[in-house]
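A.B. asks: Read top to bottom, the protein sequences are chains A and B. For the first sequence, our numbering assigns the number 1 to the initial residue and increments by one for each residue that follows. For the second sequence, our numbering assigns the number 1001 to the initial residue and increments by one for each residue that follows.
In case anyone wonders, no lab produced these hints; they're calculated from the structure. Note that CB positions come from ideal geometry on N, CA and C, so glycine has one too. Do not rely on the hints blindly, as some may be mistaken.
[Said to hold, decoys possible] Here are the simulated SDA-like cross-link-like pairs (lysine to any residue), alpha carbons at most 25 Å apart as the crow flies:
no.: 1; chain 1: A; residue 1: K57; chain 2: B; residue 2: V1049
no.: 2; chain 1: B; residue 1: K1059; chain 2: A; residue 2: Q11
no.: 3; chain 1: B; residue 1: K1059; chain 2: A; residue 2: H96
no.: 4; chain 1: B; residue 1: K1042; chain 2: A; residue 2: V60
no.: 5; chain 1: B; residue 1: K1042; chain 2: A; residue 2: T9
no.: 6; chain 1: B; residue 1: K1042; chain 2: A; residue 2: L39
no.: 7; chain 1: B; residue 1: K1059; chain 2: A; residue 2: K57
no.: 8; chain 1: B; residue 1: K1042; chain 2: A; residue 2: G16
no.: 9; chain 1: B; residue 1: K1042; chain 2: B; residue 2: P1008
no.: 10; chain 1: B; residue 1: K1042; chain 2: A; residue 2: G53
no.: 11; chain 1: A; residue 1: K57; chain 2: B; residue 2: P1008
no.: 12; chain 1: B; residue 1: K1042; chain 2: A; residue 2: M19
no.: 13; chain 1: B; residue 1: K1059; chain 2: B; residue 2: L1002
no.: 14; chain 1: B; residue 1: K1057; chain 2: A; residue 2: H96
no.: 15; chain 1: B; residue 1: K1042; chain 2: A; residue 2: R44
no.: 16; chain 1: B; residue 1: K1042; chain 2: A; residue 2: T54
no.: 17; chain 1: B; residue 1: K1058; chain 2: A; residue 2: G98
no.: 18; chain 1: B; residue 1: K1059; chain 2: A; residue 2: E100
no.: 19; chain 1: B; residue 1: K1042; chain 2: A; residue 2: G42
no.: 20; chain 1: B; residue 1: K1042; chain 2: A; residue 2: L13
no.: 21; chain 1: B; residue 1: K1042; chain 2: A; residue 2: S84
no.: 22; chain 1: A; residue 1: K57; chain 2: B; residue 2: K1057
no.: 23; chain 1: B; residue 1: K1042; chain 2: A; residue 2: S80
no.: 24; chain 1: B; residue 1: K1042; chain 2: A; residue 2: A79
no.: 25; chain 1: B; residue 1: K1059; chain 2: A; residue 2: G3
no.: 26; chain 1: A; residue 1: K57; chain 2: B; residue 2: N1029
no.: 27; chain 1: B; residue 1: K1042; chain 2: A; residue 2: R17
no.: 28; chain 1: B; residue 1: K1042; chain 2: A; residue 2: Y99
no.: 29; chain 1: B; residue 1: K1042; chain 2: A; residue 2: D72
no.: 30; chain 1: A; residue 1: K57; chain 2: B; residue 2: E1045
no.: 31; chain 1: B; residue 1: K1042; chain 2: A; residue 2: G3
[Unchecked claim] Covered by chain B, per the in silico footprint, the following chain A stretches (three or more residues, Cβ under 8 Å):
no.: 32; segment: 24–32
no.: 33; segment: 98–112
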Amino acid sequence: IAGITQAPTSQILAAGRRMTLRCTQDMRHNAMYWYRQDLGLGLRLIHYSNTAGTTGKGEVPDGYSVSRANTDDFPLTLASAVPSQTSVYFCASSDHEGYEQYFGPGTRLTVT
Amino acid sequence: ILNVEQSPQSLHVQEGDSTNFTCSFPSSNFYALHWYRWETAKSPEALFVMTLNGDEKKKGRISATLNTKEGYSYLYIKGSQPEDSATYLCAFIGGTASKLTFGTGTRLQVTL
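So here's chain A without its partners, still in its complex pose:
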């Protein structure tokens, strides 16, 4: 089934550890996005990529990095996790920037 997948589904991580959340889409969408969802704050954009090879910062980029080596994959890395990064992370993609976005199932991350 075409779509967007994320891994892992959930993870408990010790503070200070490095973690990469994976996101893959098979729709050949140009643009991809990472959001975090926190109670009362809604979805907030962490990083985005308009096309393979380019990335940009969203509203809350600190503590996170991304890469876009190819069209399909857009991994999000936490270099040294902190408890405030406990959240549900959603990856999304769209055909082009500004178009409707398709969301992955989310990754629930707990940093202890």
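Mind docking chain B on chain A? Use the hints.
C.D. replies: Same frame as chain A, now just chain B:
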């Protein structure tokens, strides 16, 4: 940080009732306004992408209007059904098309 507000925060209606919610956003530098439907334990799904002042979009019993000059959009649900129960998110894109700023959503519960 852009201010995108949705009201009400939550809404409880009876089956068959019609209802509407509001999304307000900055009236300057408008690019697009998205509406998403987010069911519990699922991912957000796009309902509408609206780009022109005066736009009206419809999908079944759900419709939306857009006023970019005054910075608001309404989402209407006619004859609510229990399966309409979800959180409805609006997202504003201003200036650069890359970044969506989401509101915190209106949580709708429809009971029999």
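A.B. asks: In ascending order, which of the hints set out earlier in this document are inconsistent with the structure?
C.D. replies: Going through the list in order, the structure violates hints 2, 7, 8, 10, 11, 13, 16, 22, 23, 24, 27, 32 and respects the others.
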